[in-house]
Amino acid sequence: MATIQPTSTEGTGVRTAVETTMTASDTFIYAANQGQLLILRNPTAGALSPVIDGDGGTSVPVQGIGTVDVSGGYAVGSIAAGAAKVVPLDSIAAYLKGTIAVTGGTGLVAVLLN
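In my numbering, the protein residues as written are 106 to 219.
For the record, the hints were derived by calculation from the structure and aren't laboratory data. Keep in mind that this is a model prediction, so the values were computed, not measured. Don't take every hint at face value.
[Said to hold, decoys possible] Restraint-style ranges between C-beta atoms, simulated for each label pair:
| id | residue 1 | residue 2 | range |
| --- | --- | --- | --- |
| 1 | 134 | 212 | 20 to 26 Å |
| 2 | 190 | 132 | 28 to 34 Å |
| 3 | 107 | 193 | 18 to 24 Å |
| 4 | 182 | 107 | 20 to 26 Å |
| 5 | 156 | 195 | 29 to 35 Å |
| 6 | 204 | 140 | 29 to 35 Å |
| 7 | 140 | 161 | 19 to 25 Å |
| 8 | 149 | 180 | 26 to 32 Å |
| 9 | 211 | 161 | 38 to 44 Å |
| 10 | 168 | 118 | 38 to 44 Å |
| 11 | 165 | 204 | 25 to 31 Å |
| 12 | 168 | 123 | 16 to 22 Å |
| 13 | 168 | 108 | 33 to 39 Å |
| 14 | 138 | 164 | 17 to 23 Å |
Built from N, CA and C at the ideal position, the CB exists for glycine as well.
Just need the whole structure built from these sequences, with the hints factored in.
What follows is the structure, given as structure tokens:
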């Protein structure tokens with residue numbers, strides 16, 4: 106299990122992104138309400154469909170919908186070969202409670218921006 110290390114975006118100037126090549130199960134630390142972005146790039150030859158799951162997520166009330174089960178994690182969706190997706194982590198905070206695991210992304214390159 107690899108830990109996706111953050112790249113700080115504070116201050117001025119250019120940063121060198123810390124890239125992590127993902128394995129079967131990877132983790133990162135979520136900093137709530139900090140505007141973190143998780144970039145997932147697929148350099149492999151096939152599509153990958155990662156899931157981001159905090160082990161403390163159960164269910165959350167959503168106004169106008171009712172209770173939503175978040176225990177299965179957040180499915181990022183298919184990332185085609187050569188493509189990338191950006192996940193604004195504050196928008197999926199309910200899925201990020203407890204210890205976070207990212208699965209289904211073996212071979213993806215992850216960048217966590219703080």
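Checked hints:
1. Range check, residue 134 to residue 212: about 22 Å between beta-carbon atoms, so the 20 to 26 Å window is met.
2. About 18 Å separates the C-beta atoms of residue 190 and residue 132, a value inconsistent with the hinted range of 28 to 34 Å.
3. Look at residue 107 against residue 193: about 22 Å separates their beta carbons, and that is inside 18 to 24 Å.
4. For the pair residue 182 and residue 107, the supplied restraint of 20 to 26 Å holds, since their beta-carbon distance comes to about 22 Å.
5. Between residue 156 and residue 195 the Cβ separation comes to about 18 Å, which falls outside the hinted range of 29 to 35 Å.
6. At about 22 Å, the CB distance of residue 204 to residue 140 disagrees with the hint of 29 to 35 Å.
7. Roughly 22 Å separates the CB atoms of residue 140 and residue 161, a value that falls within the hinted 19 to 25 Å.
8. For residue 149 and residue 180, the Cβ-Cβ distance of about 18 Å falls outside the hinted range of 26 to 32 Å, so the restraint is violated.
9. Remark: the range hint 38 to 44 Å for residue 211 to residue 161 is contradicted by a beta-carbon distance near 24 Å.
10. Range check, residue 168 to residue 118: Cβ separation about 41 Å, and the 38 to 44 Å hint holds.
11. For the pair residue 165 and residue 204, the supplied restraint of 25 to 31 Å is violated, since their beta-carbon distance comes to about 18 Å.
12. Range check, residue 168 to residue 123: about 37 Å between beta-carbon atoms, so the 16 to 22 Å window is missed.
13. Range check, residue 168 to residue 108: about 35 Å between beta-carbon atoms, so the 33 to 39 Å window is met.
14. About 21 Å separates the C-beta atoms of residue 138 and residue 164, a value consistent with the hinted range of 17 to 23 Å.
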